[in-house]
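**Q** Sequence:
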Amino acid sequence: MQFDVKAGRETKPLESDNKGLIEIEQFFSRVRVYFARLFALLFLGLAVAILYSLFSTVVVGILGGKDVMGIFLSSINTGIIALAVFELALVINKEYSVEEHEEDAVDGLRRTVPRFIGTVCVALSLEGLIMVIKYSQLEMAGNLYYPVAIISSTAFLLIALGLFIHLTKKPKQCVVGNKVD
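Quick note: the sequence shown uses the working numbering, first residue 3, plus one each step.
Take the hints with a grain of salt, since some may be wrong.
[Unchecked claim] Distance ranges between label pairs, derived from CB positions:
#, residue 1, residue 2, range
1, 39, 142, 41 to 49 Å
2, 164, 70, 44 to 52 Å
3, 136, 23, 56 to 64 Å
4, 80, 32, 35 to 43 Å
5, 30, 74, 28 to 36 Å
6, 48, 159, 32 to 40 Å
7, 136, 58, 17 to 25 Å
If you are wondering where the hints come from, they were derived from the structure by calculation, not from laboratory data. Glycine included, C-beta positions come from ideal geometry on N, C-alpha and C.
Assemble the whole structure, with the sequences as input and the hints as a guide.
**A** Structure (structure tokens):
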């Protein structure tokens with residue numbers, strides 16, 4: 003219902019106005035779905051390309067007689083990046099490529115953000131640990147500030163995620179008899 007100031011009463015909106023708005027909303031919903039599927043396929047293809055690069059690097063390194071430890075340390079890093087990109091493709095596909103849009107956006111974020119941030123934290127932690135191993139093997143103790151900074155930023159990211167989950171949780175409802183408080 004709309005309020006007509008001149009007449010001083012409520013009026014019904016024209017059906018043609020509602021129909022036009024509904025058509026525009028449906029159009030943008032379809033565009034959102036198509037772009038989400040396009041980006042999901044793009045990131046999925048990128049994850050496959052990263053995995054191909056990972057396997058080819060391992061095979062070429064082993065056949066070339068390079069240090070096996072170095073090959074596998076760098077391959078772990080590349081594999082974690084591929085996993086993070088794959089996870090991003092899954093999140094985009096799950097959240098944005100469906101026709102119906104969820105009413106509560108915070109619930110959608112509470113489902114997807116922890117998965118993605120968890121994957122990023124695993125990637126950062128492994129990167130920091132790989133750097134610690136690499137710098138200790140090469141006796142470059144002066145460069146240990148970088149992995150410590152990466153691991154510290156991972157800890158702050160996890161703290162921020164916990165704060166996000168705490169601040170966006172739904173209040174518990176108390177049921178007394180037949181009433182919900």
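**Q** Which numbered conditions among the earlier hints are violated in the structure presented, ordered from lowest to highest?
**A** 2, 5 and 6
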